[in-house]
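Peer 1: Listed below are the residues making up each chain.
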Amino acid sequence: MKQTKKYWKGLEQLDNNADFQERANKEFPDYLPIGNEDGEPSRRDFLKLMGFGIAAVSLAACETPVKKAIPYVKKPETVDPTTPNYYASSYISGNDYCSVLVKTREGRPIKLEGNKLSSISGGGTTPQVEASVLSLYDQERLKAPQIDGKEVSWETLDSEVSSQLAAVSGLTIISNSIASPSTQATINKMVEKFGAKHVSYDQVSFSGMLDAYEAMTGSRMMPQHDFSKAKTIVSFGADFLGTWPNRTGINKQFAATRKLGKDKQDMSRLYAFESNLSLTGSNADYRLPIKPSQEGLYVANLYNAIASKIGGEQVKVAKLHDDAVLNKAASDLMKSKGESLVVSGSNDVNVQKLVIAINKLLGSYGSTIDATKSINLRKGSDSEFENFVKGLNSGSVGGVIFYNCNPVYDHPLGDQIAAGIGKAKFSLSTSDRKDETSSLVKYMAPDNHYLESWNDFEPVSGYFSLSQPSIRNIFDTRQVQQSFINWSGESVSYYDFIKSNWEAKLYAVADSTAFMSFSAFWDKAVHDGVFEIPTMEDQPEIVVDLSGVSSGIGRKYKVDAQGLELVLYQNNSVADGTQANNPWLQEMPDPITKATWDNYLTVSPKQVDEWGIKIGDMSTQKVKLTANGVTLDIPVLPQPGQAYGTVGLAIGYGRTVSGKVANGVGVNAYQFAGSEGGVVDFTVTNVTAEPTGEEYRIAQTQTHETYMGRETVIQEAVLKEYQKDNQAGRSFPKIATAEGYKKPYAVSLWQGHEYPNHHWGMMIDLNSCTGCGSCTVACQTENNIPVVGKAEVLNRREMHWIRIDRYYSHSEEVESLSGLAKIKAMEKASENPEVTFQPMMCQQCNNAPCETVCPVAATTHSSEGLNQMAYNRCIGTRYCANNCPYKVRRFNWFKYHDNEQFDTNLAMNNDLGKMVLNPDVTVRARGVMEKCTFCVQRVQAGKLEAKKDGRRPKDGEVVSACASSCPSDAIVFGDMKDPESRISQLLQIQVGEKSVESKEPRAYHVLEELRVMPNIWYLTKIRNKDQESKTDKAHA
Amino acid sequence: MLTKKQSMSKAIRFVLISFTYTFFLFSSYSTFAQEDTSDGIPTDDSSVSAGESTFKANCTQCHAIHEKVIGPALKDVHERRTKEWLLSWIKNSQKLIQSGDEQAVAVYEEYNKIAMPAYPFSDDEITSLLAYIKVESGKEPVKEVAETTATDSTTAEAPVASGYLTAVLIILVVVLVLILFVLSLIVNTLTKYLKEQKGLDEADAEIVDQRTSFQKLLTSDFVIGAVVFIFVALLLKTAIDGAFTVGVQQGYQPTQPIAYSHKLHAGDFQIDCNYCHTGARKSKAANIPSPNICMNCHEVIQNIEGKEGVSKEIAKIYEAIDFNPETGEYGEDTKPIEWVRIHNLPDLAYFNHSQHVTVGKQECQTCHGPIEEMEEVYQYSTLTMGWCINCHRETEVNTKGNDYYTKLVEFHSEQNDQPMTVEDIGGLECSKCHY
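Chain order of the listed sequences is A and B. Residue 1 is where the first sequence starts when you use our numbering, and the numbers rise one by one after that. Residue 1 is where the second sequence starts when you use our numbering, and the numbers rise one by one after that.
Just so you know, the hints here were simulated from the structure itself, not pulled from any lab data. Honestly, I wouldn't trust all of these hints.
Once the Cα atoms are required to be at most 30 angstroms apart in a straight line, the calculated DSS-like pairs of lysine-lysine come out as [to be verified]: (1) Lys-75(A) - Lys-282(B); (2) Lys-68(A) - Lys-263(B); (3) Lys-68(B) - Lys-67(A); (4) Lys-75(A) - Lys-316(B); (5) Lys-95(B) - Lys-68(B); (6) Lys-75(A) - Lys-56(B).
Just so it is clear, the structure is predicted and the values come from calculations on it, not from any experiment.
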């Protein structure tokens, strides 16, 4: 028998008497007799303890914490701590692209800037590009490869995957469009080795356009459009400024046609026919709200109108009831023949065929459309994808690899895919996180973030660019391309693979005299980030064949269809939802609705009234929406400009598996989309909506719709007036004095400031600002601006330093009213309003009202024209915010960093997220006021560089984050004391003794009558319309 | 940069003055000396100064004139070797060694086979370098001269003046106290005498009998009030002064993981600060040097004062960078050195070294104190905002040769005949340091 050994502490335990038992039950022996006879602690004890406590606390507080300084062991030669390094790279997300410069500090990417060397993206950015640097530090990313949800090593995964791949039949690789030649080559390796099939799709499908070009030119492609050459642009539901591939480039091209000045007195004209008010529609000179069920007829009627004049077969379709705007568009298009452009966002191949035919008649090919170059960012095929889904469910697809795509979420057939994944023997996802699709697969081989990867791109044929890693892999991830190479049994590194591809294909055709060797060529390409060798080919022959178009159009489109229609759209903040877990994007106000953290039905105000929904201050109600057999409760947001009889809903929301920021925000709109006959259709007819009466609040940053006739805020004119008088639309307020009326600046109690050195200023061209919002996110990244979350936005406590005010015009009937009725009516935007975007940030007033009311002089004036804000001096009285006429000051109501209650503020609430913070800018504390500083850290850095070289700063060296990110060059920043600077030239600055004046006829100050003398000038908005604008009518 | 600037300048002044005297007294000799170029090495000022800059830029890491560093002491090297030999040695020492030159091989062996790198100098440059060495060889080792003269001159000048003043003051005070004593004695005697007198009238008696009661005076409202006021005022002042020192770490001298001596490196060996603190001229942080910079010298210098083996402190560098002094090989197992940070500015204050060092041409010592004398570094300045501001008020902007300031100087001189200080160009504005 086994004996159990006994151990005891001492004899008393061995005896185990009552006294021992009693003491053993107490955790702490009570040696210290604290307390009175009766056991209660005495007052004296309390004081003693408290005294000791206070002494201990104050002693502990006095001891300064020991800080360590840990240098590199072997310092890289090119990295100097505290000095930023810039690396050229390329932003890539799904199928979007932008050439960028990555700013790194001590090896951490902290900011992205547009790469000015790229003639494709043109040096601007988009909100998604700016925000992508935070996605790098997202804690929800997978930290290692997984099998069945368990983390494994790459060796284990590789060996299992290799054996599985060898056994599986009918392997399919699913991806978004691939614009990278080398990535495509690695996929081809997989295709060859395993007899696999590669199917690509796009979240926002361009299948219709691609198929139309395939039918007419023989090659399935989306040609390169050049908006800068267009004098007349007509868009049918194509939001080219907001959602088209390469929209930074398009914004730049479009804005170039809208600039006006001494030497350029003419501008382009944009017509928009659309259902939802899009970014493009809000920039249009003429906009007509139409129903999607009419779209085909509008295009066909435009074709007929043009064909009847220029010559070409007519398409037999129904006539429209009211075609005044359409005929006007047709005559303008023909007037500017050769400089015209018609685009359509429809995914209907018949509509796209008509658009091609119109463009051919107008001579656009070779001018505004270059069909020799294709945009490789949208190549997906809806029909192939539908076949894949069928195969998956029938069992013919034995294995599937999802390469950085999430079709369960973002494809209308998502449900069927989710059901089918289990039927495939082998399923793998390379997604960077657990998402709707990857949570259903067996193997997870997480990809690097693009800032950790080597890659190459050919966004437009002949224009190449490179991605280079700017940080070492944060997690145990591996580039997909490397995985593909490994699985197909080769051992080359992807970096060498790209290099050899470039050597074989590009170095061979590059100008051989320019480079000594391939390595010199490669070094330059990596340094520049881009390599461009546009081919000079003849335009391909376009064979217009419109057979079957008229019947197709006739079947699908009706002149006056009854019933509600739904139009899905991509907004400019969360976009397609790939980066939905990025709080900067969630909190960026939608440019049109100004709503954050949600999607909602955009409904015409008339329809809202009909439904009897009462709209309060950010409060609304939900409706039960049924479309394509899906029913969801969705809040309503009245949207002026929304075509009556239609509702709009943004995609990109309603994520269920993405991360704590995105999960549960809004509803998934993709599931409403139709996918019949192999075409994804974002327009749905036969929709029903019933008010549910359920209250809901949408967090908007701007609830006022119009500027209430304050012509000193928005000054606008139409082109004809501008051409007659360059000061047209300007408002000249006068101040009554004892000596009669005077210009506001002539009357002042102020002494004025002297600026001996620099005088920083900014010019914002309302005509080229498209309202895209890149500046808002760029500013947030640069200046460590916290994310406050939906609840705080509802409290109107958002923190953005730069907001873009969006103003609608009110209806013309208002002018006939008077008194209170008129004021009431002026508040309401008209049914189809004109839209103006006005970026608004601290105006850096020379006579700043905020400075005079600060009781502690925390905000003062600098000798360079800046309103300085010293955070550590601020005691939070908020007098300055109350006294600011522009309402641009922001108050830290809470501690937003290291605070669990603001855990969606990823950049400040975990160690990984904090890596994105700009070390040159303070993270503000609770109770402190903050505002735009004109990026004073950049001003100081630019000056210092110049001083070190013993010279004056060059123009363009010092640029604020907003100006640098602006894709349309609407924001210009510079030194007004430098007569050669761009801002001095554009504004024709005249430096007086104590003031600066602009001789540019369009330049004005917002709220000039207040005499605060801002350092920001706005240029009047000019619309290319025939008739006078309403405000001027009111003046007359 | 890191020379003993003040004492040095005094020393230099002393040496210059004595030279001037010597020059006047023995001008004939010095003229003769200048003509002594039989060895082909001129000693005119221009070649010496050209040589000096070449020497300081290239040679000081391994050579000094009067003592052995890594390479031999160069005193009188022009006498020990021929000029031709020196030319070929400096241009390419390895070539000379391989050619089997006896002297060359001997030097190479003597200095542990550390090759002197080849320098692509022209003959003229090397000649001026030798000129500098020749002139320097003629001088006594500078350091000692500097120290003795420095102490001499300070003891000779300052204490005389201030000591005299103090003595006069003390004497004055003593005399006054004596007078006071004598006067009170007289008053006492007179009062006593008057009291004994009878027949004083009432008014006079009152004056004589007047009791200046000390106790009464002490308990008077005025005195109590004054004492309480002074006490409270002092207490407040102490409290406020105390509050101002919260967080001020002047004198902070933590123990560092390696007992690195700035006195040895920067003081005795005169290594330029920027050699190790590479960021001081070009970036915000001066940078604590990474061990690979230490290894530039310490791969060879393994101990101090000519001792055998590896010094305990230098071994810590080897451990950090995983260097094996036996084999001279580097490994992969590196461990960063965790220095204790001494100068801690709060995060809300932006300070940039390059602005002050490169643009403002400030000496390191201005803020860091006599770092070249510190065995262990301590925080010399208070690093408070008041301290920053004060310096910005007093310091004249270094505008010389910097086109950035041209316009500003013009503007300033139009309005003001005082020199342009940092304050005048906005150096006190909040946003210059806080954003």
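Peer 1: For Lys-75(A) and Lys-316(B), compute the direct alpha-carbon distance and say whether it is at most 30 angstroms.
Peer 2: Holds, at roughly 18 angstroms.
Peer 1: Is Lys-75(A) within 30 angstroms of Lys-56(B), Cα to Cα?
Peer 2: holds, 25 angstroms
Peer 1: Straight-line Cα separation of Lys-95(B) and Lys-68(B) no greater than 30 angstroms?
Peer 2: holds, 23 angstroms
Peer 1: What's the verdict on Lys-68(B) and Lys-67(A), does the C-alpha distance respect the 30 angstroms limit or exceed it?
Peer 2: Cα-Cα ~39 angstroms, so violated.
Peer 1: Hinted pair, alpha-carbon criterion (30 angstroms max): Lys-75(A), Lys-282(B). Please report holds or violated.
Peer 2: Satisfied, since the Cα-Cα distance of roughly 15 angstroms is no more than 30 angstroms.
Peer 1: Compare the distance between the alpha carbons of Lys-68(A) and Lys-263(B) with 30 angstroms, and conclude whether the hinted pair is satisfied.
Peer 2: holds, 22 angstroms
Hint 3 from the earlier list is the only one contradicted by this structure; the remaining hints agree with it.
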